[in-house]
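Top line first, the protein sequences correspond to chains V and Y. Residue 94 in my numbering sits at position 94 of the first sequence, and the numbers go up by one each step. Residue 96 in my numbering sits at position 96 of the second sequence, and the numbers go up by one each step.
Quick caveat, the hints were computed from the structure, so don't treat them as lab data. Ideal Cβ positions, reconstructed from N, Cα and C, are used throughout, including at glycine. Incorrect hints may have been included.
Unchecked claim - Output of the computed footprint for chain V on chain Y, the stretches with three or more beta carbons under 8 angstroms from beta carbons of chain V: (1) 134 to 147; (2) 157 to 165.
Said to hold, decoys possible - Computed cross-link-like contacts, PhoX-like style, restricted to lysine-lysine with a CA-CA straight-line distance of at most 25 angstroms: (3) V:K143 with Y:K142; (4) Y:K38 with Y:K184; (5) Y:K142 with V:K63; (6) Y:K142 with V:K80; (7) V:K212 with V:K231; (8) V:K81 with V:K63; (9) V:K212 with V:K29; (10) V:K228 with V:K29; (11) V:K228 with V:K63.
Chain by chain, the residues run as shown.
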Amino acid sequence: MSQIQPTHDSAVVTMQGVSKFFGTFQALKTVSIDISVGERVVVCGPSGSGKSTLIRCINQLEKHDDGIITINGVTLDGSKKSLQSIHDHVGMVFQQFNLFPHLSVLDNLTLGPIRSRNMSRANANELAMQYLERVRIPEQAQKFPTQLSGGQQQRVAIARSLCMEPDIMLFDEPTSALDPEMINEVLDVMVELAESGMTMVCVTHEMGFARKVADTMVFMDHGEIVEKTDKETFFVSPESERCQEFLEQILPH
Amino acid sequence: MNRLLLALCFVLLLTGCSGDWGWYVVDPTTPKGRINLKFLLGGLYYTIALSVTAIVISIIVGLLVALPALSSNRWLNGFNRVYVELVRAIPILVMILWVYYGMPQLLNVTITVFWAGVIALALSDSAFEAEIFRAGIQSIDKGQYEASHTIALGYFDTMRFIILPQAIRRILPALGNQLVYMLKMSSLVSVIGMQELTRKANELVVTEYRPLEIYTILLLEYLVLILIVSAGVRWLERRLAQ
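Chain V on its own, in the form it takes in the complex (with noise of 0.2 angstroms):
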C-alpha cells in the first residue's frame, strides 16, 4: 500500500514501476519518476525510447499496462474519477497542434471552457482573449487555424491548453514540425510559462531552451529512464555512455 502514497508531499505526478506494450513491443519498462509542483522536466533521448509515450501515459491518452501513476494523489486507474483528474489538472501540446481546424482561433480556445467548464461565452471568450495576449497573437481571434503560419497555429494550441487552466502541462516535441524560424517564436512562450510556474514536462531537442529551463532532465533509452538529474550535471558531465553519445549527436559542434 505505501506505493500508492507520493513519495513526497508536493508531488503533482508520481509514476511507480509504470510499463507499456505495443502488441509485444514494450515502450515503458517499469518507469517510477516523481513531478513536483513548479518542477521543469525535459526529457529527451533517441526516437523510440519512450518519451512520447511516457508524457501520454500521464494523461492518459495511452492506458499504461501495470505500474502505478498518480495525479494529484488520484490513482489513474481508468475510473471517472481519475478521468476528472485529468480532465482538471493536466494540459497538452502535441506535436502536430492538433487544432480544430473547422473552428475559428477564438472558438479553439472557448470550446472546452464553455462545454466542460460551464463557463458563459462571454467570460470564456475574455479568458481566451487573455490567454491571446499572453501567445501574442489576439489579433488573430477571429481566423481559422490553416490561416496561420506554424508557430502561430502552436502559440494557439498553448493558449488552448492555457484556457483550462492546467497545474501541470505536457508538450510532446512542440517544435518539430515547425519552420526552424518559428521555432523561437514558440519556445519563447514555453519560457515565459515556466518563468511563471508552471508545472512542465516537455519532450524536446531543444538542448537551449531544456538550459534556460529545466529543473531536471531525463535521459531515456529503450523504454527505460536511463540518467535522471539536475541539467548542470546533464549537460556536463553524464554518467551513462548511451546519453554521452547522445547528447554528442544532437549538441552543435
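Given the structure of chain V, go ahead and fit chain Y onto it with the hints provided.
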C-alpha cells in the same frame, strides 16, 4: 448543361411534327394538354415529400448505426455489421412490398402508403448512410480526439463539436449522391399506389395510350428535379468549404 437540356427539348419538339408522335397529349397550348400536364406534375409533391422525409430519417438512423462500428466493443461492432449486411442485401422493391403488405400483419398495425414508402426507403438507404458516416468519421485524424480529450470533452461533445462537423463536410458529396438516389428510388413506391410522379404517368398512359410522350415528360421531370438538387448540394459544399 442547360444548353444540352434545351437542345434535347428542341429535338423532341421537332420530332413531334412527324405522324408517329403525339405530343398533343401534353401540349400546353391546348386545354386537354394543360389538364394532363397538371395531372403529371401533381405527383411532384409526393415524390419530394417522400424522398426528403426518407433521407432525413435514413441519415439519422445511418449515423446511429455507424457510431457503434467505431467502438472497440465487439458486440457493438457486431450489431453494425449485421445491420449493414442484412439491410444492404434487401432489394428496395422487395423492402417496399414487405413493409406495405407484410409488416402490418406482423405488427398488427395499419400503415398508409406514404409511411410504408418512407420506412422502406429510409431503411434501405440507412445501411448505405451508415457506411458513409463510418468512412467519414474514420477519416478524421486521431489527433482531433486527443486534443478533445485534453480540453476535457466527453464522447458526445467530442462527436458533436469536433468530429461530426468535420466528417459531414467530407461526406457531403456522398450524402448528396444518396439524396439523388433517393429521389429516383421513390419511383418504386408507385407499385403500392403512392401518387407520385411515376404513378401519375402510369395512370395517364393507361387512359391516353401515349407511353412515349408521357414517359418522356416523366423522364424530364426527374432530370430537372435532380439537376436542381445537385446544384443545391454543390452550393452547400461551397458554403461549408469556406
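(request) Verify the proposed pairing of V:K228 with V:K29, using a straight-line Cα cut of 25 angstroms. (result) holds (15 angstroms)
(message) Checking one constraint from the list: CA of V:K212 to CA of V:K231, max 25 angstroms. Satisfied?
(response) holds (9 angstroms)
(message) Please verify whether V:K143 and Y:K142 have alpha carbons no more than 25 angstroms apart.
(response) Satisfied, since the Cα-Cα distance of roughly 23 angstroms is no more than 25 angstroms.
(request) Take the C-alpha atoms of V:K228 and V:K63, compute the straight-line distance between them, and say whether it is at most 25 angstroms. (result) Holds - the C-alpha atoms of V:K63 and V:K228 are around 23 angstroms apart, at most 25 angstroms.
(request) Would you check the hint for V:K81 and V:K63, treating anything up to 25 angstroms between C-alpha atoms as holding? (result) The hint holds at about 15 angstroms.
(message) Check the hint pairing Y:K142 with V:K80 against an upper bound of 25 angstroms on the C-alpha distance.
(response) holds (22 angstroms)
(request) Test coverage of the stretch 134 to 147 of chain Y by chain V using CB-CB distances below 8 angstroms; three residues minimum. (result) holds (count 5)
(request) Confirm or reject the coverage of the stretch 157 to 165 of chain Y by chain V under the rule of 3 or more residues with a beta carbon closer than 8 angstroms to the chain's beta carbons. (result) Coverage by chain V holds for the stretch 157 to 165 of chain Y (4 residues, Cβ < 8 angstroms).
(request) Starting from Y:K142, check that the Cα of V:K63 is at most 25 angstroms away, please. (result) holds (16 angstroms)
(message) Would the hint linking Y:K38 and Y:K184 be met if the CA-CA limit is 25 angstroms?
(response) holds (21 angstroms)
(request) Sort out whether V:K29 lies within 25 angstroms of V:K212, counting only the CA atoms. (result) violated (29 angstroms)
Taken one by one, the earlier hints fail for this structure only at number 9.
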